[in-house]
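Residue numbers (my numbering), protein chains in the order written: chain Y, 1 to 109; chain Z, 1001 to 1083.
Please keep in mind that the hints were generated in silico from the structure rather than gathered at the bench. Any given hint could be a false lead.
[Stated by the list, open to error] Selected chain Z positions facing chain Y (in silico; Cβ < 10 Å):
no., residue
1, Ile1004
2, Pro1012
3, Leu1014
4, Gln1023
5, Ile1035
6, Ala1038
7, Thr1062
8, Leu1063
9, Cys1081
Remember, it's a predicted structure, so these values are computed and weren't measured experimentally. Even glycine gets a Cβ: it sits at the ideal position worked out from N, Cα and C.
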Amino acid sequence: MTEEQLHHLNNDPLPEGVYDAAQAAIVRYAQKSTRLEPIDDATYAALAKHFSAPQIMDICLTVGLSNMVNRFHATFLTDVDQATIDEVEAGDAIAGVCAIPRPKPPQPG
Amino acid sequence: MARIPLMDEKDPRLSADARAYLQHVSQTRGRLINIYRAMANRPEVGRGFSGLANTVYRGNTTLDPQHAELAYLTATVVNNCYY
């Protein structure tokens, strides 16, 4: 994936020319599913145009898996490993700050 | 500071099941990160989680890697997850 593709994952509507049709179908679906919005026929049809039923199941359950992991961390405030922080900062120093936002861990209270 | 213990793979008091789970994850994922140390509070859940992840997202997924990663990352970015 390109830096630009990483940068626009939360944009709605998606910018033109950044994702191909199959990629855009996944991103739009993942946004709606994560926001618990109804999955309308157009959104599903865009997926079905590019992916088989088993593949759409994997897309659906991967979005669900990510949401589950996000909720796990929001619940248990899992500390980000220092090794991970070191690697990310080393990567920033080489290639500039990652296009994906890195929110600060929530403070208990 | 995590709200549940992050199981240390070097801790001699670790249960045999938690130790087996952490060793398995370390081998299959190549290293241990804290989500697995947290999951080790309940190794059965950890194994179930890894089973699902290896079926739909990694390993046995029907998707090519970039599509699987788009699905996973978009959700994480929309949720503004810090981890």
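Going through the hints against the structure:
Because the smallest distance between the Cβ of Ile1004(Z) and any Cβ of chain Y comes to about 5 Å, under 10 Å, the interface hint for this residue holds. Checking Pro1012(Z) against chain Y by beta carbon gives a least distance of about 22 Å; that is not within 10 Å, so the hint is violated. Because the closest C-beta pair between Leu1014(Z) and chain Y is about 18 Å apart, greater than 10 Å, the hint is violated. The closest approach between the C-beta of Gln1023(Z) and any C-beta of chain Y is roughly 18 Å, which is over the 10 Å cut-off, so the hint fails.
The closest approach between the C-beta of Ile1035(Z) and any C-beta of chain Y is roughly 6 Å, which is under the 10 Å cut-off, so the hint is satisfied. Here the hint on Ala1038(Z) is kept, as its CB sits about 5 Å from the closest CB of chain Y, short of 10 Å. At a threshold of 10 Å, the smallest CB-CB gap from Thr1062(Z) to chain Y is about 5 Å, leaving the interface hint in force. Proximity of Leu1063(Z) to chain Y holds as hinted, the smallest CB-CB distance being about 5 Å (cut-off 10 Å).
Annotation: interface hint on Cys1081(Z) holds; nearest CB of chain Y at approximately 4 Å, less than 10 Å.
Of the numbered hints stated above, those contradicted by the structure are hints 2, 3, 4, listed in ascending order.
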